[in-house]
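Here the protein sequences line up with chains F and Y, keeping their order.
Residue 58 in my numbering is what sits at position 58 of the first sequence, and the numbering runs on without skipping anything.
Position in the second sequence (first residue = 1) + 258 = my numbering.
No lab work stands behind these hints, which were simulated from the structure alone.
Built from N, CA and C at the ideal position, the CB exists for glycine as well.
Cβ-Cβ distance ranges computed for the label pairs, FRET-style:
#1 Y:Ser309 - F:Ile23: 29 to 39 Å
#2 F:Asn101 - Y:Asn419: 28 to 38 Å
#3 Y:Leu407 - F:Val197: 17 to 27 Å
#4 F:Ile58 - Y:Asn381: 49 to 59 Å
#5 Y:Ser349 - F:Asn101: 24 to 34 Å
#6 Y:Leu391 - F:Ala206: 52 to 62 Å
#7 F:Ser213 - Y:Asn410: 45 to 55 Å
#8 F:Ala206 - Y:Asn402: 39 to 49 Å
#9 F:Thr42 - Y:Leu268: 57 to 67 Å
#10 F:Val166 - Y:Leu391: 37 to 47 Å
#11 Y:Thr318 - F:Ile23: 35 to 45 Å
#12 F:Ser222 - Y:Glu312: 33 to 43 Å
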Amino acid sequence: MNRLNNNSLNKYLIIIIPTVSIIVTTLVVFLVLMPWVKDVQTKQNEVETNKQVINQLINKLNILNLQDSDKSQDYLLDLELAVPRYPLAPTLMGIIEQTVNETGLVMSSIQYSGIISQVSDANTTVNEGQNIQQVSNTNNSGSIAIQISVQGDYFKIVSLLKTLQVTRPLFDVTELRVANSQENTSTDDTTIEKQAVFKIQSPFYALSEDLGSETNQISELSKEELELINKIQIFKSYLSANTTPGINEFPMGKENPF
Amino acid sequence: MAINLLPQQLQIEKSQSNRKIIVNAISFIILVILVVSVAVIFSYRVVVTRSYNEMSTQLTQLKKQISDRKKEEWYLTQIHNKSNVINTFISSQSEYAGILEEIKSIAGNTNNIDSVQADISNNVSLKGKSESLLVFADFLSRLNNNQTLFKNIRISKLGLNSLNYFYDWGINLEIVTKEIK
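Please take these sequences and the hints and turn them into a complete structure.
Here's what the structure looks like:
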């Protein structure tokens, strides 16, 4: 009888230990090891990604540490004088008028022709009379179109075109029509009075206050950009920092987007 | 052939005992492997987690440092943006002053230019008068030779004006656009 009991106990013992072993192994593998392995994989991936991000951030920080904010502000001021952040049509028309007078030409007419938007896919001219402020809210860049009509001799007209090319804010004569004011029979057409009509554009570009994420890359000012700033600096400027709204201010306080 | 003289019951017990030893050994080995795996993965996880935490801390510190230099970043970004706008604008700026001067210099004193019209597509229309056809032909050939500035030169009108005995002419041409750098 005892022998029979021992035999059945032995049979159970043979089954129990492997069964417990299999259950424990299964539980540990599924409930402990697999989550750990997943966690390690995720963290390893993040560590790899973070390594790259850290390198980028260190690089960015090094660039930012090299910047002199006063100098940068001066550079930006120079560029703002060339391309204002708002479409200031009356100011631009005043500058054109002044340039025409300084050249010795007589202004027959000056007409604001609207804003040519560069945000939309096609050039859209906003009709005269529409609210400029409203336009600038929807378009952060574009050009103001102005048409002028002047009278004077050939050399003065050429001189005006040359001056407009080296003036801040920047101007581009997109269309021109030059014709004699009266019938000319003289052999020297440079001395006779001419009537010229120019279509002029002047760009504006609003400054974005949103810099996006800290991980956004930034580069130092390139040689070309510094050359451009130097080139712009010698352009004749009719605007002062005071007449360019907000140029001296970095957004602070409630308006500070950061 | 070997003959087992042990009683059959003993043989069964012995065989069961052997099987039990093998099964237990296998179970033990599996448990040992399990423990070792847990230990190794746990240690590795600790190392990776430590590295991960260090990186996260470093990242947070760097982000804060960059956030402290937002002013410089803002200026730099705006300078880049404005420079791009200015560069594009200057690259596409028309040079009508130079073109008018060039046309006048080519025309000389013997060809009078009465009107010049240029549009945004760089098409130029000239109207004027010349003392003779030879003078006009010379003007036209000099325009044709200046291929760095003008192309597609076509006569739109040419005839003798009986009132002043000058030859009235019209020319259409295209300005060669400079490449945007």
